[in-house]
Amino acid sequence: MHSIGMWQKLRTAYTTVYQWLDERLGLGEMYTNLLDRPEPLGNWWNTLGSASLFLFILQAATGIFLTVYYTPSPDHAYDSINYIMTGVAFGWLVRGIHHWGATLMVLVVFIHMLRVFVTASYKYPRELTWLVGVGLLLLTLGMGFTGYLLPWNQKAYWATTVATQIAGSMPFVGDFILKALRGGPDLSALTLQRFFAAHIWILPAVLIALIGIHLYLIIKHGESHFPTKED
Amino acid sequence: MSGSNHLSRRDFMKVTTGVIGGIITVVIGAPVIDYLVDPALRAGAKEAWIPIGKLDSIPIDKPTPFAFTRTQVNGWERTGTSFGGFIIRRSADPKDILILSSRCTHLGCSVNWHADANEFICPCHDAKFSKEGKVLDGPPPKPLNQYTDFKVDGDGNLLIFFKEG
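So the sequence lines, in the order shown, correspond to chains A and B. Taking the working numbering, the leading residue of the first sequence gets 2, the next gets one more, and so forth. Taking the working numbering, the leading residue of the second sequence gets 500, the next gets one more, and so forth.
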């Protein structure tokens with residue numbers, strides 16, 4: 002059969018290319034270590050970390066696409082989002098995924114933390130994984146906080162007014178923190194701009210670094226067994 | 500297991516993950532492409548009759564500059580784009596008019612009329628055009644564009660037909 006001959010040739014070509022790359026990159030080794038590593042018997046609760054990672058990637062991708070049209074300026078922020086929602090093809094979809102994905106991510110990360118707590122997976126030798134995870138939870142909340150202001154509508158404006166005011170109620174350093182968050186005593190163009198910078202550059206950069214450490218530790222130690230009656 | 504129809508649980512999971520991942524990628528990826536190129540698909544040609552001024556006030560045989568601005572809503576903002584050119588009345592005949600665009604055909608700078616040299620000169624790359632818009636010197640590939648559709652209304656106003664894009 003002619004078609005089978007073609008198929009064989011394609012297969013050989015693929016094998017040749019794959020072997021060339023594998024020798025140099027160690028693809029097979031990577032696959033075994035990352036995706037085919039031994040796991041204790043678990044259940045669906047063990048998938049929440051992967052779900053968080055998936056949501057992070059989804060948020061990163063849709064967030065990058067939103068910056069194509071979004072403008073972090075008090076004059077245009079609201080109008081540019083209005084344009085995304087009504088003027089651009091599938092803008093409602095991209096922003097909708099980002100909006101609901103953000104809420105879902107906070108939820109999933111939080112339940113992930115509860116699972117680790119309930120199964121006592123934070124104990125030796127995984128204390129650092131837990132600590133880094135706490136950082137990831139706080140950063141996720143920080144992403145939610147900074148992202149909330151960006152539409153620059155009434156809800157966003159007053160939510161940020163209130164939240165920065167709460168931060169400002171801290172004894173001694175409160176006033177400085179409030180001004181540092183707002184970029185001055187009042188909510189202004191500077192606030193929007195620095196929240197935008199934090200939302201798309203600073204927090205994601207730290208988030209990616211900590212995710213890297215978190216994943217490294219998980220691969221190094223493997224997942225924990227569920228505690229038994231003896232434990 | 501090659502050669503048999505048996506599919507292991509592990510292989511089934513791999514294939515299912517791949518297929519679902521692929522579906523998610525396509526369902527999100529295809530609309531995103533449309534999302535990114537959307538403004539390019541929307542730019543429609545707009546046309547209008549633009550009043551330039553009284554024909555009587557335009558001198559004969561002397562390139563007279565004119566300019567107008569077209570505003571367009573681009574996304575969330577109105578953008579004004581300026582257009583300009585020169586009217587050359589060859590004679591008193593209201594039909595005997597040459598209207599040149601001042602946009603250099605090389606890279607889009609605005610050419611100026613230099614009466615002493617009797618040439619249009621582009622300041623960017625020193626291109627020279629004749630009074631009739633022909634290329635005399637420099638890099639432009641074509642003569643200056645012309646507004647070929649024009650009319651004089653009942654009040655003696657000269658109007659030119661403008662089409663964007």
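Among the hints, a few may not be true.
Heads up, simulated DSBU-like pairs for lysine-lysine below, C-alpha to C-alpha not over 30 angstroms straight-line [to be verified]: (1) K662(B) with K650(B); (2) K221(A) with K513(B); (3) K630(B) with K662(B); (4) K513(B) with K641(B); (5) K662(B) with K10(A); (6) K545(B) with K513(B).
Everything labelled a hint here was simulated from the structure, so no lab data went into it.
Here is what the structure says about each hint:
no., hint, result
1, K662(B) with K650(B), "15 angstroms, holds"
2, K221(A) with K513(B), "23 angstroms, holds"
3, K630(B) with K662(B), "24 angstroms, holds"
4, K513(B) with K641(B), "60 angstroms, violated"
5, K662(B) with K10(A), "56 angstroms, violated"
6, K545(B) with K513(B), "53 angstroms, violated"
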